[in-house]
Amino acid sequence: MYTEKVMEEITNPQNVGEIADADAVGEVGSPACGDIMRIYLKVEGDRITDARFRTFGCGAAIASSSMATRMIRGMSLAEAWAVSNADVVEALGALPLAKVHCSVLARDAIRAAINDCRTRRGLEPWEVRSSGCDGETGHGPGPENG
Amino acid sequence: MYTEKVMEEITNPQNVGEIADADAVGEVGSPACGDIMRIYLKVEGDRITDARFRTFGCGAAIASSSMATRMIRGMSLAEAWAVSNADVVEALGALPLAKVHCSVLARDAIRAAINDCRTRRGLEPWEVRSSGCDGETGHGPGPENG
Amino acid sequence: MDHAATTFMKPEVLAAMAPYFSRYFGNPSSFYRFARESRKGVEEARGAVGAALGASTDEIFFTAGGSEADNWAIKGVALANRERGDHIITSAIEHHAVLHTCEWLEKQGFSVTYLPVDEFGRVDPGDVEDAITDKTILVSVMMANNEIGTVQPVAEIGKVAHDHGVLFHTDAVQAIGAVPIDVDAMGIDLLSLSGHKFYGPKGTGALYIRRGTRVENLVHGGGQERGRRAGTENVPGIVGLGRAIALATADIEGHNRRIAGMRDRLVRGVLDAIPDARANGHPTERLANNANFSFRYVEGESILLLLDARGICASTGSACSSGSSEPSHVLLAIGLSHEEAHGSLRLTLGDANTEEDVDHLLEVLPDVIGRLRQISPLTPISARMPEAD
Amino acid sequence: MDHAATTFMKPEVLAAMAPYFSRYFGNPSSFYRFARESRKGVEEARGAVGAALGASTDEIFFTAGGSEADNWAIKGVALANRERGDHIITSAIEHHAVLHTCEWLEKQGFSVTYLPVDEFGRVDPGDVEDAITDKTILVSVMMANNEIGTVQPVAEIGKVAHDHGVLFHTDAVQAIGAVPIDVDAMGIDLLSLSGHKFYGPKGTGALYIRRGTRVENLVHGGGQERGRRAGTENVPGIVGLGRAIALATADIEGHNRRIAGMRDRLVRGVLDAIPDARANGHPTERLANNANFSFRYVEGESILLLLDARGICASTGSACSSGSSEPSHVLLAIGLSHEEAHGSLRLTLGDANTEEDVDHLLEVLPDVIGRLRQISPLTPISARMPEAD
Ligand SMILES: Cc1ncc(COP(=O)(O)O)c(C=O)c1O
Ligand SMILES: Cc1ncc(COP(=O)(O)O)c(C=O)c1O
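Protein chains in written order, with my numbering: chain A, 5 to 150; chain B, 5 to 150; chain C, 23 to 411; chain D, 23 to 411.
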């Protein structure tokens with residue numbers, strides 16, 4: 005069902021854990037949905053210097069969180085906001101169709117963390133609509149267009 | 005489907021043919037039914053001295069006619085009338101359930117021939133109800149009880 | 023000579039199935055890597071079926087045989103499209119898997135038109151067109167008939183159906199490996215097939231469903247076959263079906279040429295040797311392997327029995343097993359009398375048959391018919407052999 | 023350790039099937055002597071199934087699996103007895119082959135009661151009695167549950183049904199070879215089974231129908247299975263099913279003793295080694311081979327994946343594949359929270375398992391759960407292993 009590459013990401017996920025003095029935390033999902041993703045960020049100026057996660061969920065959820073945190077380390081907040089779920093899938097190589105919603109969750113968790121960061125700094129959050137259990141999300145305007 | 009014994013009766017039927025100067029002929033069935041049996045008798049006094057048949061029909065029909073003519077040779081007319089379809093099946097050893105109606109046809113053909121004989125002699129026919137395509141027959145009272 | 027009833031399984035087919043019985047026995051819907059081989063086997067077979075029909079892989083759904091496929095196609099379309107209409111068109115010479123399914127739908131309130139056929143067993147596409155009403159949701163006409171071998175003008179019928187926005191199902195159980203099939207060119211929306219008719223395993227089949235076609239499930243339950251046919255997949259069977267259809271459709275033309283050569287010699291030989299006989303079905307639009315005869319004055323089952331005693335397997339449309347021995351609905355539909363219909367014989371050649379088999383049949387059959395005619399009260403004196411005893 | 027999903031085929035079963043693929047390939051409904059071996063094989067298998075259930079041979083009808091048998095039984099009884107009533111009683115923990123069939127019948131205008139179960143997954147026969155109305159035509163309660171292994175009080179339920187003149191169907195797919203069955207003593211009118219759950223072939227199954235029970239056909243067509251299930255018989259499959267059921271039911275008690283011994287050690291070992299874990303299902307009224315756990319804070323699919331990476335096949339009630347990842351209806355029905363239901367693991371032992379497999383599982387599973395709990399945001403600090411990097 006999963007490719008070798010995704011299985012590697014599941015059996016050896018990167019960036020597992022919390023950041024004690026995190027500058028931002030984003031969480032999406034719920035136990036009822038079967039998926040919870042929580043992403044911790046360390047942000048210096050505009051740049052993400054550390055990203056970690058905790059995830060309750062299926063293999064694709066773990067792999068997506070692991071890959072997402074790897075991708076956004078070193079990015080600016082705007083760059084990280086622009087990471088789409090398709091980018092996550094591409095970085096993983098492939099996900100089964102039924103599992104693509106997990107990559108959407110990862111994107112949403114990143115965005116939730118970024119907005120947490122902005123709020124803590126007294127800034128308006130960028131617009132986002134959160135995803136339900138079914139992984140459908142409205143595409144709020146990113147920083148590029150808002 | 006058929007036992008070896010019945011197959012033997014089908015591949016080597018006995019008493020096939022006509023009797024040129026028959027004392028009686030009985031025919032039952034129709035082409036639409038898929039079965040026609042015609043039995044020819046030579047009767048001396050009360051005794052059947054020869055019996056022959058022609059049959060259009062399935063294997064069981066051929067085997068039943070063959071066996072029936074073998075059975076009634078040498079019988080009195082009353083004895084032959086008393087031959088039941090079960091007697092024919094028993095003499096054949098066994099018939100598939102779906103083929104039992106062929107033994108009924110054989111009995112009916114015998115009875116038709118016997119009544120033809122009685123009629124030619126100016127006697128009342130014994131009571132009989134003829135069978136339809138489905139092989140169901142009413143059991144008219146035989147000579148024993150009428 | 024009864025390959026239309028069922029075929030032996032080719033050694034290549036059994037060889038393809040073998041590893042899936044005990045080594046790759048995983049449930050393809052299971053999750054772990056161990057089940058991957060099973061999944062791969064199933065998906066390769068799906069590809070082979072798709073390729074044989076000119077269809078996409080995701081339009082192929084495996085079933086337990088031709089009957090299930092026919093039932094599913096017809097009930098599935100009927101029940102899923104009820105609000106669009108309640109009228110179905112089929113032909114009088116369909117297999118019972120289609121006819122009895124239509125009769126069942128009639129009991130559920132649908133109305134069914136059973137189109138007549140001509141003396142050769144062909145449906146007229148014009149009749150299909152005339153029968154279509156604004157209530158019609160489905161036309162189901164078989165690609166090739168199992169008794170008399172007649173091949174239908176499927177592409178024309180498909181076009182008529184589509185011109186009127188009606189779905190078209192065809193029972194291609196007898197056509198696989200015999201008629202080149204392209205579901206798009208032929209306008210087919212649903213197509214049934216059965217593995218054991220082309221040297222594949224018994225108890226396997228498939229239904230082609232054109233993408234986007236609304237079909238209700240027949241077997242509800244687990245999510246197998248993308249949620250459309252419940253039940254743990256018969257992995258070895260499916261793998262065997264895939265291998266068999268690839269073999270059967272690799273060289274349809276060459277296969278037909280070889281088989282039709284034998285068949286034509288057989289038909290000529292029989293008609294030359296036996297008077298009061300006719301060949302049923304279409305002279306040219308017919309399956310290469312099928313020969314169907316009516317012999318007057320005799321009944322089909324007894325022909326089979328005497329042939330069987332001489333080592334020849336055959337079939338008859340006369341099914342004298344129900345007590346009320348019904349003659350073949352196909353033979354009656356092409357205009358035969360009850361008597362002629364009762365005296366029918368179907369010989370269907372296959373990969374195992376040789377010219378020697380044809381010689382043997384031509385040697386045995388005239389004698390068999392002769393002996394039965396001697397027994398029959400219907401035979402005119404002129405057609406009778408000299409009395410035996 | 024996923025024998026409830028499917029089993030490998032025993033060598034004896036394949037050996038029994040082998041001659042029927044290519045040597046005795048006749049169509050058992052054919053007529054000639056050549057087909058006799060096929061017929062004999064099918065009828066012997068029918069006898070074996072009848073013997074395993076305490077039923078007569080003529081009450082056994084072969085199908086293409088458990089799902090078809092469930093569909094046939096429930097739709098067949100419903101449609102054939104509609105004028106007597108339109109109410110069906112089943113349980114909340116049935117297999118989807120039963121539940122989705124009942125839902126389909128609801129769409130056709132039937133009404134269905136889905137009985138609750140207790141925390142161990144048992145149906146209360148008193149609830150069955152209370153649910154029966156004068157419109158009730160069928161009770162369908164499974165003999166043993168496929169996820170949590172709970173065995174139902176089938177005989178009591180059968181008695182209640184019969185006391186009220188209601189037919190009783192049971193899905194015994196998981197029970198064959200594990201629960202001794204006597205359809206008369208248990209008051210069963212219809213019973214479904216599936217070959218590949220007891221080392222028989224995939225794509226085979228059977229429905230027991232008590233003599234005289236009114237059941238409409240599911241697959242219409244030819245006269246196979248005494249006119250009740252159309253389709254050329256899957257002769258090798260049927261023969262294999264017969265052989266497999268004879269083997270599986272030869273020594274149920276001995277088999278259960280051996281398997282339950284391993285299973286009990288496994289359950290004790292898991293609960294001892296892993297905190298915040300519970301064993302689901304009934305403590306005693308359960309299949310000998312089934313162990314079902316909930317591990318808090320983690321999700322089932324990820325458990326499977328990590329086990330798979332260590333060479334262990336297992337199953338979970340959490341089916342996170344539809345997008346809206348539904349937790350198991352069975353686990354919710356016994357009162358688990360969504361989180362607990364998502365974190366379930368089913369291990370089912372079979373003839374191929376040894377004590378070494380149990381050792382291996384006990385070695386691997388605590389680590390797997392530990393690693394996933396370390397990843398999970400739900401895990402309390404107290405239940406977390408020291409951070410890795
Ligand atoms: C309890 C139960 N019923 C029905 C089925 C369906 O059986 P099959 O997959 O053979 O159709 C299964 C197995 O998946 C089962 O466990
Ligand atoms: C034309 C046709 N349709 C359907 C069927 C049914 O196929 P199966 O016996 O595989 O269910 C057959 C064969 O018996 C057939 O010849």
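Wrong hints could be hidden among the right ones.
Quick list of simulated restraints, FRET-style, between CB atoms [said to hold, decoys possible]:
1. A/E12 x D/A374: 44 to 52 Å
2. C/A177 x D/D204: 51 to 59 Å
3. D/R287 x C/E66: 53 to 61 Å
4. D/E385 x A/A36: 28 to 36 Å
5. B/E83 x C/D294: 48 to 56 Å
The hints are simulated quantities; they were obtained by calculation from the structure and are not laboratory data. Backbone N, C-alpha and C fix where the C-beta goes; we use that ideal spot for every residue, glycine too.
Evaluated hints:
1. Separation of A/E12 from D/A374 is about 29 Å and departs from the stated range, judged on CB atoms against 44 to 52 Å.
2. Hint check: C/A177 to D/D204, Cβ distance near 57 Å, so the stated range 51 to 59 Å holds.
3. Taken as a hint, the range 53 to 61 Å is violated for the pair D/R287 and C/E66, whose Cβ atoms sit roughly 41 Å apart.
4. For the pair D/E385 and A/A36, the supplied restraint of 28 to 36 Å holds, since their beta-carbon distance comes to about 33 Å.
5. For the pair B/E83 and C/D294, the beta carbons lie near 49 Å from each other, so the given range of 48 to 56 Å is met.
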